Amino acid sequence: MQVQLSHPSRTVEVKGPKKVKDLLRELNLVVEAHLVIKGDDLVTEDEMLYEGDQIEVRPVISGG
Amino acid sequence: MNCIKCKIKAVIDLPRHNAAFCKGCFNGFVHDQVARAIKSEWMFGKDAKILVAVSGGKDSLALWDILLKLGYKADALYVNLGIGAYSEQSHAKVTKFTETVAAAHGAALHIHTVEQEAGAGIKELAQLIHRPTCSTCGTIKRYQFNRVAIEQQYDVMATGHNLDDEAARLLGNVLHWQEEYLDKQGPSLPASVAGFAKKVKPLFRLSERELAAYAVLNRIDYIVEECPMAKGSKMIQYKEVLNRLETESPGTKQTFYWGFLDKQSKKQPTATTMAEKDRAVLHPCTSCSQPTTAEVCSYCKMMARAKTAAPH
Numbered sequence: 000m001q002v003q004l005s006h007p008s009r010t011v012e013v014k015g016p017k018k019v020k021d022l023l024r025e026l027n028l029v030v031e032a033h034l035v036i037k038g039d040d041l042v043t044e045d046e047m048l049y050e051g052d053q054i055e056v057r058p059v060i061s062g063g
Numbered sequence: 000m001n002c003i004k005c006k007i008k009a010v011i012d013l014p015r016h017n018a019a020f021c022k023g024c025f026n027g028f029v030h031d032q033v034a035r036a037i038k039s040e041w042m043f044g045k046d047a048k049i050l051v052a053v054s055g056g057k058d059s060l061a062l063w064d065i066l067l068k069l070g071y072k073a074d075a076l077y078v079n080l081g082i083g084a085y086s087e088q089s090h091a092k093v094t095k096f097t098e099t100v101a102a103a104h105g106a107a108l109h110i111h112t113v114e115q116e117a118g119a120g121i122k123e124l125a126q127l128i129h130r131p132t133c134s135t136c137g138t139i140k141r142y143q144f145n146r147v148a149i150e151q152q153y154d155v156m157a158t159g160h161n162l163d164d165e166a167a168r169l170l171g172n173v174l175h176w177q178e179e180y181l182d183k184q185g186p187s188l189p190a191s192v193a194g195f196a197k198k199v200k201p202l203f204r205l206s207e208r209e210l211a212a213y214a215v216l217n218r219i220d221y222i223v224e225e226c227p228m229a230k231g232s233k234m235i236q237y238k239e240v241l242n243r244l245e246t247e248s249p250g251t252k253q254t255f256y257w258g259f260l261d262k263q264s265k266k267q268p269t270a271t272t273m274a275e276k277d278r279a280v281l282h283p284c285t286s287c288s289q290p291t292t293a294e295v296c297s298y299c300k301m302m303a304r305a306k307t308a309a310p311h
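As you go down the protein sequences, you meet chains D and Y in turn.
First residue of the first sequence? That's 0 in numbering that gives the first Met the number 0, and the numbers climb one at a time after it.
First residue of the second sequence? That's 0 in numbering that gives the first Met the number 0, and the numbers climb one at a time after it.
Hints listed in this document are in silico derivations from the structure and should not be mistaken for laboratory results.
Since the model is a prediction, treat every value here as computed from it, not as a measurement.
Don't take each hint at face value.
With a straight-line cut-off of 27 Å between C-alpha atoms, the simulated BS3-like cross-links for lysine-lysine are [unchecked claim]:
#  : chain 1 : residue 1 : chain 2 : residue 2
1  : Y       : K300      : D       : K20
2  : Y       : K6        : D       : K37
3  : D       : K18       : Y       : K4
4  : D       : K37       : Y       : K4
5  : D       : K17       : Y       : K8
6  : Y       : K95       : D       : K37
7  : D       : K18       : Y       : K6
8  : D       : K37       : Y       : K8
9  : Y       : K22       : D       : K18
10 : Y       : K300      : Y       : K197
Could you build the full structure based on these sequences and the hints that come with them?
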């Protein structure tokens, strides 16, 4: 599945199916600092992601 | 995972509250947290005229959205810093939100453009006066928000600082034992002297992740890119450390910051209050009349240096 990342903006290919929390772990990203969006919908950590899903992992930290 | 309130499919889980919510119940949770913050810290009343400092980011736009939906009279001020494409994009996000959401509530947007007054964007201005960009930016924003709040007679100025911002700032102050800053780390700062607007942070009970989720769920179009000037900043480093701790031990950030607030509130009152201390050291700037500890305030000094240093 295609996963859109930010800072810097890029797309990576990740093999599915996979739970959201496992995707974040594989990408070495901290749960508390990210949201996972499937299509237009926000999804929880236990949601299963499949091949063909459009996924965005959005960082939430700002300069402050 | 299902919503703990209505049992339909959840869209967000909140480990620090041992909860998960659907969109409707999450919006209710967020609005309730803001209402509790406003009430518990005596921020403002139902009829107050509020000025929200907006940047185009998730926190400030979410704050404006929440206050309007809670029925408050809230206008906003956007400061265009002149950081090339980043400022153009953030300005566009604020304009879009004003037109599509805020205008329907009768709310207005004020705009201050740094380049118009200073003759240069924030980066060039900082170079001209030999000061770090983020500190130049802070001085300009604080000054302009206070100026507009006072001139346009707003009762209170609200900023989008969230739990992560306050916990990171507290960590920085504690790591460097900057005890003199701790008194001003509360979410509600009074208008201690004439010329200073009251300042409040109604989002201090909500985390950055919760506010980003609120923006996504409510289709608030905000600028996701971080400010190019803030890359590698100490605040971001502190936030990253706190988020690693939070992931391993949910509730760490709120225990740290709310615990600090609790301790501050139980402290024996000192002989002189913060307002009394302010009144003892602050007086009107001889150039612009905003309160300052010096003869001329740091904003006016900065503008004078910029005019002298600017190529003719």
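Each hint, compared with the structure:
| no. | hint | in the structure |
| --- | --- | --- |
| 1 | K300/Y with K20/D | 51 Å, violated |
| 2 | K6/Y with K37/D | 21 Å, holds |
| 3 | K18/D with K4/Y | 24 Å, holds |
| 4 | K37/D with K4/Y | 23 Å, holds |
| 5 | K17/D with K8/Y | 19 Å, holds |
| 6 | K95/Y with K37/D | 24 Å, holds |
| 7 | K18/D with K6/Y | 21 Å, holds |
| 8 | K37/D with K8/Y | 14 Å, holds |
| 9 | K22/Y with K18/D | 21 Å, holds |
| 10 | K300/Y with K197/Y | 24 Å, holds |
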